[in-house]
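Student: Listed here are the chains, written in short residue letters.
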Amino acid sequence: DAKTTQPNSMESNEEEPVHLPCNHSTISGTDYIHWYRQLPSQGPEYVIHGLTSNVNNRMASLAIAEDRKSSTLILHRATLRDAAVYYCILRDTKYYGNNRLAFGKGNQVVVIP
Amino acid sequence: DGGITQSPKYLFRKEGQNVTLSCEQNLNHDAMYWYRQDPGQGLRLIYYSQIVNDFQKGDIAEGYSVSREKKESFPLTVTSAQKNPTAFYLCASNDPGQHQETQYFGPGTRLLVL
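Quick mapping for you: the protein sequence lines, in order, are chains V and W.
Straight run, no breaks: the first sequence in this note's numbering ends on number 168.
Straight run, no breaks: the second sequence in this note's numbering ends on number 188.
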């Protein structure tokens, strides 16, 4: 199974950009890169996803390396509400067609006022 | 509003008791999932269902059972065979026809053993 590697935790100052790295060196050609985040005591929520090209939405930007072996989630201006665990996930290729997502431990982002 | 609801928010289980966690969605999604989350850990898949009247075991199905009699409902029963049931349980759903496979999660149920 394709897996991802993230830092256990990161700190960021409020109102500054945050770059969350993710390594996925065994990614396959048809794996989508998904990012979810989980606020304390809540269910995860979708942030962004991509395949090859960089992606932007109202929540964040996703920068994907040319070889697709790594990606970076960018929060352009961190707020206290962005403090959460961020998960970088690849579609589980072992179970093609059934949409399984394999969640690791994620990256705990702390935003400092 | 469309979404996923889980109830109850907190649930207490006595020794040897079976308990059922509710999950309902009005998103018209075919697929539904149950995850378990232990403190400081990621989510682990318990069971999933791609369509009504069909479901498959996930990575940690032992001690759990599910049913999928209606498209909008996917209840999870934690049986007495599950020796360490204390955890945060999350239900999710999505539309398997969409290649981007975004999953929508409920607010979770926290199960505690008395």
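It should be emphasised that the hints constitute simulated quantities derived from the structure, not laboratory data.
Since the structure is predicted, the reported quantities are computational estimates derived from the model, not experimental observations.
Any given hint might turn out to be false.
[Said to hold, decoys possible] Simulated crosslink set (SDA-like; lysine to any residue; CA at most 20 Å straight-line):
| hint | chain 1 | residue 1 | chain 2 | residue 2 |
| --- | --- | --- | --- | --- |
| 1 | V | 58 | W | 114 |
| 2 | V | 124 | V | 80 |
| 3 | V | 160 | W | 90 |
| 4 | V | 124 | V | 105 |
| 5 | W | 157 | W | 128 |
| 6 | W | 83 | W | 133 |
| 7 | W | 131 | V | 124 |
| 8 | W | 157 | W | 90 |
| 9 | V | 160 | W | 111 |
| 10 | V | 160 | W | 160 |
| 11 | V | 58 | W | 111 |
| 12 | V | 160 | W | 184 |
| 13 | W | 83 | V | 97 |
| 14 | V | 58 | W | 116 |
| 15 | V | 160 | W | 118 |
| 16 | W | 131 | W | 83 |
| 17 | V | 160 | W | 79 |
| 18 | W | 83 | V | 58 |
| 19 | W | 83 | V | 124 |
| 20 | V | 58 | W | 133 |
| 21 | V | 160 | W | 151 |
| 22 | V | 58 | W | 134 |
| 23 | W | 144 | W | 184 |
Student: Decide, hint by hint, whether the structure agrees.
Tutor: These are the hints, each one checked on the structure:
1. With a CA separation close to 19 Å, the supplied pair residue 58 of chain V and residue 114 of chain W stays within the 20 Å bound.
2. Taking the CA atoms of residue 124 of chain V and residue 80 of chain V, the gap is near 4 Å; set against the 20 Å cutoff, the hint holds.
3. For the given pair, residue 160 of chain V sits about 31 Å from residue 90 of chain W by alpha-carbon distance, which is inconsistent with the 20 Å threshold.
4. As the CA atoms of residue 124 of chain V and residue 105 of chain V are separated by approximately 13 Å, the hinted pair is consistent with the 20 Å bound.
5. For the proposed pair residue 157 of chain W and residue 128 of chain W, the alpha carbon gap of about 26 Å is over 20 Å, so the pair is violated.
6. With a CA separation close to 24 Å, the supplied pair residue 83 of chain W and residue 133 of chain W exceeds the 20 Å bound.
7. In summary, the hint linking residue 131 of chain W to residue 124 of chain V is not supported, as the alpha carbons are separated by about 30 Å, beyond the 20 Å threshold.
8. For the hint pairing residue 157 of chain W with residue 90 of chain W, the CA-to-CA distance comes to about 9 Å; that is within 20 Å, so the pair holds.
9. Taking the CA atoms of residue 160 of chain V and residue 111 of chain W, the gap is near 10 Å; set against the 20 Å cutoff, the hint holds.
10. This hinted pair checks out: residue 160 of chain V and residue 160 of chain W have alpha carbons roughly 18 Å apart, not beyond 20 Å.
11. A hinted pair counts as satisfied when its Cα atoms are at most 20 Å apart, and residue 58 of chain V with residue 111 of chain W qualifies at roughly 19 Å.
12. Restraint check: the Cα-Cα separation between residue 160 of chain V and residue 184 of chain W comes to about 19 Å, which is no more than 20 Å; the hinted pair holds.
13. Taking the CA atoms of residue 83 of chain W and residue 97 of chain V, the gap is near 11 Å; set against the 20 Å cutoff, the hint holds.
14. For the hint linking residue 58 of chain V to residue 116 of chain W, the alpha-carbon distance of about 13 Å falls within 20 Å, and the restraint holds.
15. This hinted pair checks out: residue 160 of chain V and residue 118 of chain W have alpha carbons roughly 10 Å apart, not beyond 20 Å.
16. Between residue 131 of chain W and residue 83 of chain W, the direct Cα distance comes to roughly 24 Å. Violation of the 20 Å bound is thereby established for this hinted pair.
17. Distance check on the hinted pair: residue 160 of chain V and residue 79 of chain W sit about 24 Å apart at the alpha-carbon level, beyond 20 Å; violated.
18. For the proposed pair residue 83 of chain W and residue 58 of chain V, the alpha carbon gap of about 32 Å is over 20 Å, so the pair is violated.
19. Straight-line distance between C-alpha atoms of residue 83 of chain W and residue 124 of chain V comes to about 39 Å, which puts the hinted pair past the 20 Å bound.
20. Under the criterion of a C-alpha separation no larger than 20 Å, the hint pairing residue 58 of chain V with residue 133 of chain W is consistent with the structure, at around 16 Å.
21. A threshold of 20 Å between alpha carbons decides the hint, and for residue 160 of chain V with residue 151 of chain W the separation of about 25 Å lies outside it, so the pair is violated.
22. About 19 Å separates the Cα atoms of residue 58 of chain V and residue 134 of chain W, which keeps this hinted pair within 20 Å; it holds.
23. Distance hint between residue 144 of chain W and residue 184 of chain W is unfulfilled; the C-alpha atoms sit about 24 Å from each other, more than 20 Å.
Of the hints listed earlier, those the structure fails to meet are numbers 3, 5, 6, 7, 16, 17, 18, 19, 21, 23, in rising order.
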